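Whole structure, please, built from the sequences with the hints as guidance.
Residues per chain are reported as follows:
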Amino acid sequence: MFSDYGQIFVFMLVAIAFVLVAFISAIILSPRKPNISKDATYECGEDTVGDTWLRFNFRFYVVALIFIIFDVEIIFLFPWAVVFKELGMFAFLEMVVFLFILILGFVYAWAKGDLVWDKPSPIIPKLDRQIFKAD
Amino acid sequence: MNNFTEILKSINSFLPELSVITTLLLCLIADIIIRKKSPIVTIIAIAGLLVSAYFVYMQSAVQESLFSGMLVIDPFAVFFKYLFILSSIIILIFFEFSNEIKESTHKNEYSYLILSLVLGAFLMASSVNLLMMYLSLELASLTSYILAGYSKSEKKSSESSMKYLIYGAASSGIMLYGMSLLYGFTGSLDIYEISRYLATNPTPNAFIYLTMIMIAAGLGYKTSSVPFHFWTPDVYEGSPTPVTAFLAVTSSAAGFSLITRLFLTTFLGSTQIVDGAFSIIAGIHWQEIIIVISVASMIVGNFVAIWQKSLKRLLGYSSIAQGGYMLAGLVVADTIGLTAMLIYLSAYLFMNLGAFFVTILIVNKLGTDDIEQMKGLGYRLPFVGVAMAVFMLALSGIPATVGFIGKFYLVTALMKPGAGYLWFAIVLMLNSVVSLFFYLKVVKSMFLERADNTDELPGIKFSVQSYIILILLLIPTIFFGLYFGPIVKLAESSAVLFGIR
Numbered sequence: 001m002f003s004d005y006g007q008i009f010v011f012m013l014v015a016i017a018f019v020l021v022a023f024i025s026a027i028i029l030s031p032r033k034p035n036i037s038k039d040a041t042y043e044c045g046e047d048t049v050g051d052t053w054l055r056f057n058f059r060f061y062v063v064a065l066i067f068i069i070f071d072v073e074i075i076f077l078f079p080w081a082v083v084f085k086e087l088g089m090f091a092f093l094e095m096v097v098f099l100f101i102l103i104l105g106f107v108y109a110w111a112k113g114d115l116v117w118d119k120p121s122p123i124i125p126k127l128d129r130q131i132f133k134a135d
Numbered sequence: 001m002n003n004f005t006e007i008l009k010s011i012n013s014f015l016p017e018l019s020v021i022t023t024l025l026l027c028l029i030a031d032i033i034i035r036k037k038s039p040i041v042t043i044i045a046i047a048g049l050l051v052s053a054y055f056v057y058m059q060s061a062v063q064e065s066l067f068s069g070m071l072v073i074d075p076f077a078v079f080f081k082y083l084f085i086l087s088s089i090i091i092l093i094f095f096e097f098s099n100e101i102k103e104s105t106h107k108n109e110y111s112y113l114i115l116s117l118v119l120g121a122f123l124m125a126s127s128v129n130l131l132m133m134y135l136s137l138e139l140a141s142l143t144s145y146i147l148a149g150y151s152k153s154e155k156k157s158s159e160s161s162m163k164y165l166i167y168g169a170a171s172s173g174i175m176l177y178g179m180s181l182l183y184g185f186t187g188s189l190d191i192y193e194i195s196r197y198l199a200t201n202p203t204p205n206a207f208i209y210l211t212m213i214m215i216a217a218g219l220g221y222k223t224s225s226v227p228f229h230f231w232t233p234d235v236y237e238g239s240p241t242p243v244t245a246f247l248a249v250t251s252s253a254a255g256f257s258l259i260t261r262l263f264l265t266t267f268l269g270s271t272q273i274v275d276g277a278f279s280i281i282a283g284i285h286w287q288e289i290i291i292v293i294s295v296a297s298m299i300v301g302n303f304v305a306i307w308q309k310s311l312k313r314l315l316g317y318s319s320i321a322q323g324g325y326m327l328a329g330l331v332v333a334d335t336i337g338l339t340a341m342l343i344y345l346s347a348y349l350f351m352n353l354g355a356f357f358v359t360i361l362i363v364n365k366l367g368t369d370d371i372e373q374m375k376g377l378g379y380r381l382p383f384v385g386v387a388m389a390v391f392m393l394a395l396s397g398i399p400a401t402v403g404f405i406g407k408f409y410l411v412t413a414l415m416k417p418g419a420g421y422l423w424f425a426i427v428l429m430l431n432s433v434v435s436l437f438f439y440l441k442v443v444k445s446m447f448l449e450r451a452d453n454t455d456e457l458p459g460i461k462f463s464v465q466s467y468i469i470l471i472l473l474l475i476p477t478i479f480f481g482l483y484f485g486p487i488v489k490l491a492e493s494s495a496v497l498f499g500i501r
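Residue numbers (the numbering used here), protein chains in the order written: chain A, 1 to 135; chain B, 1 to 501.
No lab work stands behind these hints: they were computed from the structure. Fair warning: this is a prediction, and the values are worked out from it, not measured in the lab. Fair warning: there could be bad hints in the mix.
What the hints assert, rightly or not - Straight-line distance between alpha carbons at most 27 angstroms, and here's what the computed DSSO-like set of lysine-lysine pairs gives: (1) B:K309 - B:K102; (2) B:K444 - B:K375; (3) B:K441 - B:K309; (4) B:K37 - A:K112; (5) B:K375 - B:K309; (6) B:K102 - B:K489; (7) B:K155 - A:K112; (8) A:K112 - B:K107; (9) B:K309 - B:K461; (10) A:K112 - B:K152; (11) A:K85 - B:K9; (12) A:K112 - B:K36; (13) A:K112 - B:K102; (14) B:K155 - B:K365; (15) B:K152 - B:K36; (16) A:K112 - B:K156; (17) B:K461 - B:K416.
Structure representation (structure tokens):
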């Protein structure tokens with residue numbers, strides 16, 4: 001009756017309808033008696049502390065990006081190693097070129113100082129007088 | 001092993017791209033070693049581009065398919081490769097002149113960013129596979145996002161980079177969706193296969209329109225055509241001026257190469273050219289979409305440019321309008337139209353780069369690109385002012401400049417008897433009249449208006465090198481306007497797409 005895409009379309013319609021029916025029936029049928037503990041953010045029964053929007057240090061992303069590059073390198077190296085014997089010298093040179101470009105990129109990131117992990121220099125609060133007297 | 005030997009064979013014809021890649025790596029190594037701003041890196045980049053130009057020249061008359069039908073070499077691609085190499089060499093020189101770049105904390109990074117965009121543009125000009133098209137477009141786009149935010153300390157530059165990135169990501173996403181629909185329907189990513197399928201199987205019109213509009217969204221963003229142009233003025237204003245010139249010329253030329261190849265090849269009924277006209281599958285009217293985009297670009301570009309106060313924004317809207325003119329060459333779908341488009345692109349290269357070079361010089365001295373601030377400037381820098389006047393007249397298409405030749409050939413192509421595009425030619429000409437107003441507004445501000453204290457202000461001097469570059473850009477703008485044989489001949493021999501004859 002339907003082509004392949006037609007079936008996907010029907011599936012999509014059913015999926016949308018399912019969500020809508022679930023939501024609308026919940027709105028219509030559910031009783032509404034809000035109180036403070038019901039409105040609170042759910043954190044496994046604990047009281048909420050602080051903000052959920054934490055800031056990550058940007059350097060994590062740089063390290064993650066460099067990790068991905070070397071991760072992809074492994075994906076290329078595996079099939080190459082499997083058929084290495086049949087391909088011979090040319091494949092070896094090819095891979096040397098590839099690794100050279102990759103390592104050049106790594107050296108570049110290094111030379112530009114992107115891998116330097118600055119240690120935070122927090123200002124430790126100091127007091128002029130002692131809190132507990134030594135006597 | 002069969003594929004393996006084919007890849008090996010293809011590498012021999014891949015030398016222009018390979019030399020660009022090698023140069024890119026050399027520049028990178030040189031930058032790491034030198035560690036400070038130095039012209040050596042730029043010289044390496046220019047030398048590498050010249051080597052690449054030599055390899056491109058060796059492929060002048062070749063028609064070949066590479067990497068199992070991923071890329072092709074044909075005169076059309078070769079023409080665009082010349083265009084990319086020439087414009088990026090000029091822009092590499094621009095970078096040496098701009099103060100905006102000198103003040104930036106990055107030193108030589110622009111040289112290999114430019115090379116990477118050139119590589120993307122090379123691949124865009126020669127790819128015939130939907131995936132390859134998308135990948136090359138992304139390579140070019142990602143580099144241009146970085147270039148747009150080149151002056152990191154400038155808030156405007158970062159803002160323009162961010163806007164460009166978000167807009168680019170959205171439109172290339174839409175284009176990818178259109179491509180996936182086309183693949184889902186025809187079962188192939190190769191545009192020749194797709195055209196064969198569409199020619200033999202009846203296809204619902206609504207589907208074709210949907211995919212065409214989606215693909216046009218991605219490509220229209222690259223060529224900054226209306227209604228996908230919203231990034232253009234902001235990015236042009238915010239980026240450093242040499243980057244703006246690069247985006248306006250090289251990057252949009254790459255977009256035109258892709259849009260032309262994609263639309264002319266994908267919807268072909270047969271690969272025979274009859275009387276110079278490409279045979280398009282009956283019932284598929286892709287020209288209608290291009291006409292809408294083209295007319296909208298001309299009208300919006302020209303009319304909005306009238307109100308601009310910033311010279312870079314004005315040039316931004318001007319390039320939207322110019323893009324509209326160039327798409328007119330595609331609408332006719334014959335070799336004359338294609339030739340006219342190529343002629344216009346090469347004319348556009350000289351006059352637009354000239355206008356941008358004058359902008360760089362003025363921004364260096366004034367520190368602003370506000371047209372109001374340029375009152376009476378023509379008397380303080382007479383030669384540069386006159387040069388600007390020439391470039392502005394060329395952009396509006398006044399005879400005896402190269403811009404006129406471009407428009408002349410476009411209008412001739414549109415007035416082909418029986419094609420029914422006469423009204424389109426008239427719209428194009430009326431738009432040129434409108435454009436004359438804002439192009440001359442710049443000249444008027446420089447020469448006819450005077451600031452209160454013009455006479456007291458000292459004349460502005462530039463270095464000898466800047467005058468030489470300016471003259472080198474002025475000569476082709478005027479010379480090819482008077483003696484346009486070579487350009488026309490080159491364009492005529494280049495209007496050949498792979499596999500269509």
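*Which of the numbered hints are not met once you compare them with the structure shown?*
6, 17
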